[in-house]
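S.K.: Place chain B on chain A using the hints.
Heads up: the protein sequence lines correspond to chains A and B, in order. If you count the first sequence from 1, you need to add 1 to reach the working numbering. If you count the second sequence from 1, you need to add 817 to reach the working numbering.
Don't read these hints as lab results, they were simulated from the structure. All figures in this text were calculated on a predicted structure; none of them were measured in a lab. One or more hints might be untrue.
[To be verified] Taking lysine-lysine pairs in the PhoX-like style, the calculated list, with each CA pair at most 20 Å apart, reads: (1) B:K997 / B:K1032; (2) A:K18 / B:K943; (3) A:K101 / B:K875; (4) A:K18 / B:K913; (5) B:K997 / B:K933; (6) B:K831 / B:K875.
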Amino acid sequence: MKFALNIGFSRIAIELKQLLRDREATFWTLAFPIVLMVIFGSVFRNQTLGTLEITFSQYFVAGMIASGMLYTSFQNLAISIPQERDEGALKRLQGLPMPKTSYFIGKIGLVFVTFVGQTIVLIITGILFFGIDLPTEPSAWWRFTWISLLGLVSCTLLGIAFSSVPKSGKGASAVATPIVLVLQFTSGVFFFFGDLPSWMQNFASLFPLKWLTQGMRSVFLPPEAAVLEIAGSFESARTAQVLLLWLVIAAVLATVTFRWNRRGEN
Amino acid sequence: MTNSDLAISARAVKKSYGSTQALIGIDLDLHHGECLALLGPNGAGKTTTTEIFEGYRKRDSGQVSVLGVDPSHGDLQWRSRLGVVLQSAHDLGELKVSEAVAHFGSYFRDPAPTSKLIESVGLIEKADSRVRSLSGGQRRRLDVALGLVGNPELLFLDEPTTGFDPEARRQFWELIESLKARGVTILLTTHYLDEAELLADRVAVIAGGIVVADKSPASMRAETLRTATVSWQESGETKSVETNNPTQTVLELMARFDQEIPGLSITRPTLEDVYLQLVGSHYLGVK
Chain A
2 MKFALNIGFS
12 RIAIELKQLL
22 RDREATFWTL
32 AFPIVLMVIF
42 GSVFRNQTLG
52 TLEITFSQYF
62 VAGMIASGML
72 YTSFQNLAIS
82 IPQERDEGAL
92 KRLQGLPMPK
102 TSYFIGKIGL
112 VFVTFVGQTI
122 VLIITGILFF
132 GIDLPTEPSA
142 WWRFTWISLL
152 GLVSCTLLGI
162 AFSSVPKSGK
172 GASAVATPIV
182 LVLQFTSGVF
192 FFFGDLPSWM
202 QNFASLFPLK
212 WLTQGMRSVF
222 LPPEAAVLEI
232 AGSFESARTA
242 QVLLLWLVIA
252 AVLATVTFRW
262 NRRGEN
Chain B
818 MTNSDLAISA
828 RAVKKSYGST
838 QALIGIDLDL
848 HHGECLALLG
858 PNGAGKTTTT
868 EIFEGYRKRD
878 SGQVSVLGVD
888 PSHGDLQWRS
898 RLGVVLQSAH
908 DLGELKVSEA
918 VAHFGSYFRD
928 PAPTSKLIES
938 VGLIEKADSR
948 VRSLSGGQRR
958 RLDVALGLVG
968 NPELLFLDEP
978 TTGFDPEARR
988 QFWELIESLK
998 ARGVTILLTT
1008 HYLDEAELLA
1018 DRVAVIAGGI
1028 VVADKSPASM
1038 RAETLRTATV
1048 SWQESGETKS
1058 VETNNPTQTV
1068 LELMARFDQE
1078 IPGLSITRPT
1088 LEDVYLQLVG
1098 SHYLGVK
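Only chain A is shown next, with the shape it has when bound in the complex (with noise of 0.2 Å):
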């Protein structure tokens, strides 16, 4: 276990140095959730919810943060594993003395910073031009970090039990993209969730981002949003349990569908 971990925080720093030096893709990484924050964000400013002071503009940069999440968890995996399996790094590391867990542990490690390097530049942007404020409230802090780390956790782990999805890293985009829009037009990213028909809230309600955006506007939003969400409140004990089974399934799934080659080659 000792070794495992030991290769995994070396897996850790090795990702991190390959994505860094990697300008392009840093680039885009942290200002594609921008650009998307400022368009939408500015189209919606002067459209309140309910009888709140509160704007869409705000409501969806909670919803943002909470995409990001997905972006460089679930969608950054989903597509850049099939490449590492065009590439030969998987075989290599295969055939390498290295647990299986340390190539997950150098996963988890690499979205994680991803993660926070995106929040804050999204939260820099959230507050500069939609009003958002930083939480004053411990808990409000203790609730972001829980939910962030459940959040990045398992989705981290579906990106990799679901890198085993496409064919090639070609097609991967292609298939692990409209999954993350999908879910972000049914989660209360791109709409206000109390808008949209309730069997397309039921769907949302299976999967982890619409409890991730939920417990991002509980964060970010005042108090008194919790009575625009359909139960009354924030849910966050609901929150919880959704995202720790999530968690379980993910490490099941990604444990018993992840492979090293392309399908067919074994």
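M.R.: Chain B in isolation, oriented as in the chain A frame:
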């Protein structure tokens, strides 16, 4: 079958992909300290065979022992005794050569010292260069360095010099010679007969999923001397005779022409001819 003298021992190894039988029954031994070259046309089963030995693929049946372990159940301890140099990796582009070597060395308890290893593969001037800036030959040498980083007992080299210029190949061969001198056991897959003849102690030819020949390069070379083709010009066309006694043939011709024999030549089959005959006769036999 666990013979401790053998680094690799394979008996009746079979493997099918769907309805295609890739391996019909491979028998192969590799002794410790030996360098075995695996030759064969594309699709003959070379890669499937080596990847079964490396633990990348599962066989359908037969027995395999690699360093005393069944590769389909090889653990990390077993892996740490192997070095695998794959055919075409183009990963690690953003890392420096020295970073890549040091990183993968950290997976082993007793890795080769980074700078010494880089020097031994002739990349010392490139130690601080990004991997993506390396030429094809340099890249292959880095792959070999990464295969050697754990001081393996057994090294797998899969077509290591494909795409090399002659100078790079010569340098590469020197590197392999130095590994052999250190007692590393090597399984080399290659398309080049000269490479096999120069480096290998033994050559195994795989065709159609079985080993059709398993002999020393010298005995393969000896077969080139068994027959000769004598050809000459007569009444405006080229005639030729294949014979085991070319001198006799020439004597007869001399008597017939009573002067200089026009266009006389005596040719021996090349190593390549011997190889092609081995492979070809197998495929003819199958049909």
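S.K.: Where does the structure disagree with the numbered hints, that is, which hint numbers, in rising order?
M.R.: Violated: none.
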